Amino acid sequence: MTPGQLRWRCRRGMKELDLLLARWLEQRWPEAGAGARAAFERLLDQQDPEIAAWLLGRSRPADPAMAALVDELIADRA
Numbered sequence: 001m002t003p004g005q006l007r008w009r010c011r012r013g014m015k016e017l018d019l020l021l022a023r024w025l026e027q028r029w030p031e032a033g034a035g036a037r038a039a040f041e042r043l044l045d046q047q048d049p050e051i052a053a054w055l056l057g058r059s060r061p062a063d064p065a066m067a068a069l070v071d072e073l074i075a076d077r078a
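Okay, so the sequence shown: first residue is 1 according to our numbering, each after it adds one.
Think of the hints as simulated: they come from the structure by calculation, not from any bench.
What you are looking at is a predicted structure, and each value in this text was computed from that prediction instead of being measured.
In this text, a Cβ means the ideal position worked out from N, Cα and C, and glycines have one as well.
It is possible that some hints are incorrect.
[Stated by the list, open to error] Label-pair restraints from in silico Cβ distances: (1) T2 x S59: 17 to 25 Å; (2) D71 x P49: 29 to 37 Å; (3) D71 x E26: 25 to 33 Å; (4) R58 x K15: 15 to 23 Å; (5) R58 x G4: 27 to 35 Å; (6) M1 x D48: 30 to 38 Å; (7) E31 x R58: 27 to 35 Å; (8) G57 x G4: 26 to 34 Å; (9) G57 x T2: 15 to 23 Å; (10) T2 x R58: 26 to 34 Å; (11) G4 x A62: 27 to 35 Å; (12) Q47 x L19: 15 to 23 Å; (13) A75 x R42: 18 to 26 Å.
[Stated by the list, open to error] Listed below are the simulated SDA-like cross-link pairs for lysine to any residue, each with C-alpha atoms no more than 25 Å apart in a straight line: (14) K15 x Q47; (15) K15 x D71; (16) K15 x P49; (17) K15 x R37; (18) K15 x R58; (19) K15 x A67; (20) K15 x E41; (21) K15 x T2; (22) K15 x L73; (23) K15 x M1; (24) K15 x Q5; (25) K15 x W29.
Go ahead and model the full structure; you've got the sequences and the hints to work with.
Below, the structure is given as structure tokens:
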């Protein structure tokens, strides 16, 4: 998937999600490894309420790579 396609998929309908996902794409994607990139694409396949619950600490993804990505997104939020 191209960065432009990913940028479009970062538009979620929840402003905070839009900002966090787009920031990770712009700042971390260029240097991210294949595993992190795949985890990001899988994250974008999830529903907004599930992503929001992960980012608010209400739950955690079962996939360890996605959990690590969620941790990065939370750290970038600060």
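Holds or violated: K15 with M1, Cα cutoff 25 Å? 23 Å, holds
What's the verdict on K15 and P49, does the C-alpha distance respect the 25 Å limit or exceed it? 13 Å, holds
So if I understand the rule, the pair passes when the alpha-carbon distance is 25 Å or less; does K15 with E41 pass? 19 Å, holds
Please check whether R58 and K15 have a Cβ separation lying inside 15 to 23 Å. Distance hint for R58, K15 holds at roughly 18 Å.
Looking only at beta-carbon atoms, does the pair G57, T2 fall within the given range of 15 to 23 Å? Violated, since G57 and T2 (Cβ atoms, about 32 Å apart) do not stay within the stated range.
Assuming the hint says 30 to 38 Å, is it satisfied by the Cβ distance from M1 to D48 or not? 19 Å, violated
Satisfaction of hint between R58 and K15, Cα-Cα up to 25 Å: 19 Å, holds
If you draw a straight line from the CA of K15 to the CA of T2, is it 25 Å or shorter? Roughly 22 Å between the alpha carbons, so the hint for K15 and T2 holds.
Verdict for G57, G4 (Cβ pair) under range 26 to 34 Å: Once the Cβ atoms are compared, 31 Å apart, the range 26 to 34 Å for G4 and G57 holds.
Determine whether the Cβ-Cβ distance between G4 and A62 falls within the hinted range of 27 to 35 Å. Given range 27 to 35 Å: holds, Cβ gap about 30 Å.
Could you see if the CB distance from D71 to E26 stays within 25 to 33 Å? 18 Å, violated
Taking only the CA atoms, is the gap from K15 to D71 under or equal to 25 Å? This hinted pair holds, its Cα atoms lying about 19 Å apart.
The structure shown violates the earlier hints numbered 1, 2, 3, 6 and 9.
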